[in-house]
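Given these sequences and hints, build the entire structure.
For the record, the sequence lines run as chains A and B. Per our numbering, the very first residue in the first sequence carries number 1; after that it's consecutive. Per our numbering, the very first residue in the second sequence carries number 1; after that it's consecutive.
Derived by calculation from the structure, the hints in this document are not laboratory data.
Pairs of lysine-lysine, DSS-like flavour, derived with a Cα cap of 27 Å:
#1 A:K27 to B:K124
#2 A:K214 to A:K126
#3 A:K27 to B:K126
Computed spacing ranges between beta-carbons, pair by pair:
#4 B:I196 to A:L38: 25 to 31 Å
#5 B:V292 to A:P119: 29 to 35 Å
#6 A:L68 to B:R306: 49 to 55 Å
#7 B:S86 to A:S195: 50 to 56 Å
#8 A:L100 to B:Q198: 51 to 57 Å
#9 A:P119 to B:I196: 28 to 34 Å
#10 A:P168 to B:A101: 35 to 41 Å
#11 B:A57 to A:S195: 26 to 32 Å
#12 B:L303 to A:E72: 49 to 55 Å
#13 A:S81 to B:R273: 29 to 35 Å
A few chain B positions that, by computed beta-carbon distances, are all more than 10 Å from chain A:
#14 A14
#15 A67
#16 N77
#17 M78
#18 R213
#19 V215
#20 P217
#21 D253
#22 T255
The beta-carbon is built from N, C-alpha and C at its ideal position, and this holds for glycine as well.
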Amino acid sequence: MNARTGAGAVGDVSRRLQAPGPRYGEKVIQGLLALCALLSVLTTTAIVIALIEPTIDFLGVVPIEEFLTGTEWSPQFEPPSFGVLPIVAGTLNVALWAMLFAIPIGLGVAIYLSEYASPRVRRTVKPVLEILAGIPTVAIGIFAVTFILPHLIQPLWPGELLGGAEKPFMALAASLGIGLMVVPIIASISEDAMSAVPSGLREGAYAMGATRMKVATRVVFPAAISGIVASIVLAISRTVGETMVVLLAAGSTPSLTFLPNEAVQTMTAYIAVVATGDLSTGSLDYKSVFAVGTLLFLMSLAMNLLSIRLVRRYREVYE
Amino acid sequence: METGGMPSERARLAAAGARATVAASLSNRPRRDVVLNTAFAGLLFLAVMIALAGLAAILVQAFIRGAPALSADLFTNMPSTLRPESAGFRPAILGSLELIAGVILFVVPVGIGSAIYLEEYADKSKWWNRVIEVNIQNLAAVPSIIYGILGLGFIVRGPLDVGFILIAGSLTLALLVLPVVIIAAREAIRAVPDSIRQGSLALGATRWQTIRRQVLPASVPGIATGVILAISRALGEAAPLLLVGATVFITYDPTPLERFSAMPVQIFQYATRPQEEFQTLAFAGVIVMLGVLLAMNSFAIWLRNRYERTW
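Right, here's the structure in full:
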């Protein structure tokens, strides 16, 4: 009897705790939210759909070996030639010199902010530098071609070295503009990685009599290396994908060179120049835009996956 | 140690010797180390100065070169290829405003919705949720010109086939900044402690009621910061718009269903003209954009500092 009442009471309580009915509204909301999240996957799918058909059409006319290994890019000539290497070289040329500028400066800023600066300096300098990352790339491009080139590169270029620096467009001008733009990316992510290094490691090194420089370069830097590499990969990926700065400052001459004082055309600049003109949908020129786009997409995909993996590895170490 | 009158000569000498040894080992670092250390600190400081000087140079140059053309005419006059003295940015400014309105309408619900799903509902052990996550991280770093190709090959032509109209540009920009909003909103939602959710659920609220009344209000500042940063990115992008038909010299106020122009594209076109007057006009446009963007970014930073709570 007693046990029965007890069981009954338990039954009542659990019945009262249940929802009065199945909550369809909750399910609908969850479904809608999942749809939102799915939209980003659809975006990737749409990118692939947009790229794939014209690319296959293009490769039907221009064999893939010729496209990937040809050293002559002259779509406007008769007969046209679609060897992609000159514009890939243009992209890598700009990226190379941009990184030679941005990596030392970015890492210097990161080490300074993480190991040398007082908290107050760090709190001011970091957001100020982040403004640099928010400046429209058009403005950076104009700055590169009207200031960096005539007022920095040309006066400082050592005479006739590599044939002088008289050209009105130059890979190096674009490189320095983009380099300046990605300094905050390298500085900010690397600084986060360095600040995440446990202070016990630093204190241990100081106790052994290490100088500040030794602690920064031999203890903190190696411990934060995957975050630092990830920031550099991200910066390279931004540089390779940058369009407006190269369009304004690097010129539009496809040339297979890594010299900083030559005018070059990058993959992104080619896409922008050709797609802006009124092209008929079926022409080979039009399709070549998508073929170059596919190559660029695959390059950036490879770099992004590498950087995602590196960041994950660095997170595992200290969390 | 005054055991008897004067300290013994031996004890004094020993103490002095010990002090000298300790002082030498602690402070008199090898000369090379001191020099290297100072030089290194100097180089680091130089790096910071170069970065800050670059930023200052961009701002100062734009202001000096653009100031002569700064006037209200900039906002009210139509663009011109012939008469730079009376050319302005009116359709470009209107175009940018309409583009951004579209971006907000799309990105705020979809971005926040995705973030809520990923943080509050998604089961991380399921492969499809991990795919969504990696996919968003990847999309955040896809070059903007690729979004232009998406706009051209999928929205303007291809499956959607809407033509070169403003809405196509707006949608392209929205897809471009969507990952930025999702990532920021997720961080803001993640920062709300679990005890808040548990408290609400324990009082009998449903999952959605908990999100709606507790989690979202607490994460509004973080989400708003992310949305503002995303909008300022969309406002400055020119490359994808070049591909979806932001033609430049339109001399009418664009509606969402017409060909359009946008601020950064108009600046680009003025900048590529050889005449000095058009260059001045381009710099004036840069000043206007920098003003708007700096105001937005400062507001975002202020918002973050003012309302961000640490639990």
